[in-house]
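Novice: Can you make the complete structure from the sequences, with help from the hints?
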Amino acid sequence: MKPSDISRKSECLCHVEPADLTPLPFPYEDYNDRTITALKPDKIKSIESSLDDTVAVGIPKPAGEEEEKAFVERFLAGLKKLFEKENNWTFLQPLILSMEHCAKCQTCSQACPVYEMSGGKDIYRPIFRAEVLRRIYRKYIKPGGKISARLTGDIDLNWTTIARLAELSYRCTLCRRCATVCPVGVDNGLINHEIRKLFSQEMGIAPKEIHDKGSVLQLSKGSSTGMIPLAARDSVEFIEEEMEEITGCKVNIPWDVEGADILLLHNAGEMLAWPENVGAFAIIFQAAGISWTLSSEAVGYDAVNYGLWYDDVQFSRVAVRHADIARRLRVKKIVMGECGHAHKALTVIADRLLTGDLNIPRESAMVTLDNIISSGKLKLDPMRNNFPVTLHDPCNIVRSMGIVEPQRRILRKIAPLFREMTPHGVDNYCCGGGSGFAIMSGYNFSEWRTLLSSRKKFLQILDAFSGEPEDMPKYVCAPCSNCKGSIRDIISYYDAEERSRIYYGGLVELIVNAMTDMKKPIISFGGEPSWA
Amino acid sequence: MVRLSSLPVHVRWEVYPVQHETASRVYYGGSYMEESDWWEKKQKRSLFNEFKYMAVEILFIRGLFKENRTLWLVSFPFHFGLYLMVAAFLLLMLNAVLALFVEGSIFIKPLDTLIIIAGWSGIVLGNIGCAGLLYRRLSDPELRNYSSFTDYFNIMFIFIFFLSALISILAGDPFFEGAKAYATGLITMGSSFNGYVPGSSISGTVSIISASLLAVYIPLTHMSHMFMKYFLYHSVKWDDAPNLKGGPVEKAIIKNLKLKPTWKASHIGADGRKSWLDIASEAPEEKS
Numbered sequence: 001m002k003p004s005d006i007s008r009k010s011e012c013l014c015h016v017e018p019a020d021l022t023p024l025p026f027p028y029e030d031y032n033d034r035t036i037t038a039l040k041p042d043k044i045k046s047i048e049s050s051l052d053d054t055v056a057v058g059i060p061k062p063a064g065e066e067e068e069k070a071f072v073e074r075f076l077a078g079l080k081k082l083f084e085k086e087n088n089w090t091f092l093q094p095l096i097l098s099m100e101h102c103a104k105c106q107t108c109s110q111a112c113p114v115y116e117m118s119g120g121k122d123i124y125r126p127i128f129r130a131e132v133l134r135r136i137y138r139k140y141i142k143p144g145g146k147i148s149a150r151l152t153g154d155i156d157l158n159w160t161t162i163a164r165l166a167e168l169s170y171r172c173t174l175c176r177r178c179a180t181v182c183p184v185g186v187d188n189g190l191i192n193h194e195i196r197k198l199f200s201q202e203m204g205i206a207p208k209e210i211h212d213k214g215s216v217l218q219l220s221k222g223s224s225t226g227m228i229p230l231a232a233r234d235s236v237e238f239i240e241e242e243m244e245e246i247t248g249c250k251v252n253i254p255w256d257v258e259g260a261d262i263l264l265l266h267n268a269g270e271m272l273a274w275p276e277n278v279g280a281f282a283i284i285f286q287a288a289g290i291s292w293t294l295s296s297e298a299v300g301y302d303a304v305n306y307g308l309w310y311d312d313v314q315f316s317r318v319a320v321r322h323a324d325i326a327r328r329l330r331v332k333k334i335v336m337g338e339c340g341h342a343h344k345a346l347t348v349i350a351d352r353l354l355t356g357d358l359n360i361p362r363e364s365a366m367v368t369l370d371n372i373i374s375s376g377k378l379k380l381d382p383m384r385n386n387f388p389v390t391l392h393d394p395c396n397i398v399r400s401m402g403i404v405e406p407q408r409r410i411l412r413k414i415a416p417l418f419r420e421m422t423p424h425g426v427d428n429y430c431c432g433g434g435s436g437f438a439i440m441s442g443y444n445f446s447e448w449r450t451l452l453s454s455r456k457k458f459l460q461i462l463d464a465f466s467g468e469p470e471d472m473p474k475y476v477c478a479p480c481s482n483c484k485g486s487i488r489d490i491i492s493y494y495d496a497e498e499r500s501r502i503y504y505g506g507l508v509e510l511i512v513n514a515m516t517d518m519k520k521p522i523i524s525f526g527g528e529p530s531w532a
Numbered sequence: 001m002v003r004l005s006s007l008p009v010h011v012r013w014e015v016y017p018v019q020h021e022t023a024s025r026v027y028y029g030g031s032y033m034e035e036s037d038w039w040e041k042k043q044k045r046s047l048f049n050e051f052k053y054m055a056v057e058i059l060f061i062r063g064l065f066k067e068n069r070t071l072w073l074v075s076f077p078f079h080f081g082l083y084l085m086v087a088a089f090l091l092l093m094l095n096a097v098l099a100l101f102v103e104g105s106i107f108i109k110p111l112d113t114l115i116i117i118a119g120w121s122g123i124v125l126g127n128i129g130c131a132g133l134l135y136r137r138l139s140d141p142e143l144r145n146y147s148s149f150t151d152y153f154n155i156m157f158i159f160i161f162f163l164s165a166l167i168s169i170l171a172g173d174p175f176f177e178g179a180k181a182y183a184t185g186l187i188t189m190g191s192s193f194n195g196y197v198p199g200s201s202i203s204g205t206v207s208i209i210s211a212s213l214l215a216v217y218i219p220l221t222h223m224s225h226m227f228m229k230y231f232l233y234h235s236v237k238w239d240d241a242p243n244l245k246g247g248p249v250e251k252a253i254i255k256n257l258k259l260k261p262t263w264k265a266s267h268i269g270a271d272g273r274k275s276w277l278d279i280a281s282e283a284p285e286e287k288s
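So the protein sequences, as listed, match chains A and B. Each residue of the first sequence is one higher than the last, beginning at 1 in our numbering. Each residue of the second sequence is one higher than the last, beginning at 1 in our numbering.
Think of the hints as simulated: they come from the structure by calculation, not from any bench. Incorrect hints may have been included.
As the list claims (entries may be wrong) - Straight line, CA to CA, 30 Å or less: simulated DSS-like cross-link-like pairs of lysine-lysine:
(1) LYS142/A <-> LYS264/B
(2) LYS255/B <-> LYS85/A
(3) LYS255/B <-> LYS80/A
(4) LYS221/A <-> LYS274/B
(5) LYS44/B <-> LYS332/A
(6) LYS142/A <-> LYS258/B
(7) LYS85/A <-> LYS250/A
(8) LYS377/A <-> LYS255/B
Specialist: Okay, here's the thing in structure tokens:
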């Protein structure tokens with residue numbers, strides 16, 4: 001398939017058959033005939049669904065030619081703005097460099113887990129969507145483009161082309177593995193990010209999970225979970241009680257302590273889905289005698305910043321709110337909890353947005369925890385974690401920030417049966433839930449994610465534990481909320497808890513599980529305590 | 001390059017490993033952010049590490065060697081052949097200068113040898129590379145589906161240069177006497193002091209004209225990635241410079257925040273008068 005085929009009339013441009021997918025090994029062969037459940041015709045009759053077997057955005061079909069024309073014109077207006085410094089100073093130079101210098105060598109394709117796992121479907125090549133945008137840009141924005149397009153690569157522009165491109169921008173997890181292998185330095189992940197931005201910032205098009213129910217909800221209510229400040233406080237109160245019940249350790253979680261050394265930012269999803277993670281942080285910080293606080297102000301108790309994936313303006317608004325809360329609390333630094341995209345958002349990307357007294361130092365919890373463990377302030381018994389542990393590297397913490405070793409130093413001290421995945425570190429594979437996929441579940445998207453974008457991670461996990469006894473519990477340590485969400489879903493979908501005794505959790509839970517002060521283990525495997 | 005250097009400072013978008021980190025961190029892709037309170041410490045970075053890596057990458061295309069070996073087998077001779085021809089040209093010019101201005105220079109003979117080595121190996125590698133790249137683009141659907149007329153034209157254009165140069169040296173000028181005379185002529189506005197100058201040939205003329213046109217054409221095309229790679233790596237992939245209070249990055253950001261966007265989506269709330277700073281500081285006006 002060529003990039004110009006995106007304009008081709010077809011009810012489904014790309015269909016994935018079970019036989020196309022990379023096969024799963026024993027004891028999961030029975031999943032090899034599974035495929036994505038067909039979309040229900042009545043649910044998709046009024047939306048764009050002709051790209052592949054799923055829908056992430058669901059753009060309403062136009063009512064007539066006028067609407068189609070207006071849609072195309074608005075897209076072109078947005079595309080032009082991507083190349084203007086007033087509108088896109090944030091990414092202009094990287095975008096131009098990546099747009100102008102691709103040698104089309106396809107090295108990036110081999111690095112992409114979605115492309116590989118799909119059996120090499122052309123539309124999932126990292127270069128495919130980049131080349132579509134490149135051709136539209138050259139033909140319709142650059143002077144003389146309609147003539148030169150015949151020489152440099154032509155493409156037809158119509159409503160379908162654009163609607164499919166919008167959908168296609170949500171088939172890449174922005175893991176940027178392709179960018180690390182490109183010999184020229186072209187970043188197709190970045191081009192994908194810019195496509196999403198164009199749709200959101202000019203046309204108001206984005207998956208509802210990351211915009212309406214994501215950044216908009218966070219800015220208006222305080223959290224993308226919908227939790228208002230009072231609900232956040234209630235949740236944490238519940239966590240305090242839970243921690244005492246589970247571990248026998250009484251913990252006090254401080255709120256709004258002015259002048260504390262650390263403002264800890266959690267992904268608020270942890271409070272609801274994985275409360276033990278929030279509790280474990282509190283146990284560790286309390287035991288280490290750290291001066292810290294949470295913020296009960298709206299947005300201040302939710303580290304997420306979904307704008308990172310699709311919209312610079314929404315991104316900036318959330319980042320500014322986070323920094324302003326830290327400024328008013330007069331904390332010395334912000335520590336990012338176990339949330340990968342929040343790490344990258346506030347520590348790296350917002351670094352060139354926050355100025356003056358908003359530029360509060362930011363640090364990864366991996367680093368803070370490593371510091372605590374190295375200081376010897378916690379009494380640890382690694383044999384309490386005497387089960388195989390493998391580490392998932394969140395792309396945003398590892399590949400995008402170079403924080404690779406602190407979490408490993410910790411695991412080497414607390415997990416005697418630590419097993420690395422292959423490959424790992426900056427060469428890792430995405431969990432499949434990156435760039436918002438972990439929270440997107442409309443139509444049959446979660447199935448596409450589990451079968452395609454998370455498939456490589458599942459194979460890696462199985463491989464890491466391949467030599468371990470089947471009946472021994474195994475722990476996938478995923479220090480990132482979105483990654484945990486994806487891994488939870490693949491374990492559940494493939495029944496891996498039952499078949500291979502594979503469980504998952506964060507890093508802090510493993511630390512607390514090894515603390516000799518704990519009367520009872522925080523980690524249990526299917527109701528069975530990890531130590532007695 | 002001029003346009004790129006005039007663009008505003010962009011947000012950080014580095015990807016690790018970043019090669020100017022210390023060798024112990026580059027080894028596994030670590031960063032200064034692995035250190036607690038890094039902002040209070042002096043950063044240890046090595047530009048030498050960056051240049052060392054970049055030199056090998058640009059000269060030998062290390063990335064392709066590691067990630068796409070079969071393509072490297074044809075891409076490397078192509079690129080290295082071009083580099084050797086640039087080196088041969090510089091040696092020819094040096095030779096001409098010495099011949100004209102330094103009588104009996106002891107460097108002339110070694111230079112002659114270097115010109116022959118660089119010239120022959122460059123031409124042979126270039127021809128292998130062009131033929132190989134052309135074959136790969138035509139025969140491999142992965143590459144063919146993304147190749148345009150311009151891609152084939154570019155390879156053919158370079159192939160014409162390498163092929164005509166090969167014919168010239170095989171047909172009677174194995175020691176590059178014609179090229180030396182041409183280089184001298186460039187300095188003397190057409191005169192030559194060489195004792196022997198081979199008669200002009202069609203292949204020699206074609207190689208000189210095509211080389212001159214290529215020197216102008218390559219920087220205008222995506223083929224400039226050969227040297228623009230420096231910016232892709234140094235200014236984006238490895239740009240991890242932190243924004244320190246009162247520093248140059250902060251000054252550039254303050255300037256950027258005054259820019260006035262015109263994005264049209266309703267949640268942005270841009271009207272062409274509000275700056276990025278105004279927009280980022282306010283809540284969006286949209287239904288929740």
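Novice: Could you tell me which of the hints above the structure violates, numbers in ascending order?
Specialist: 7 and 8
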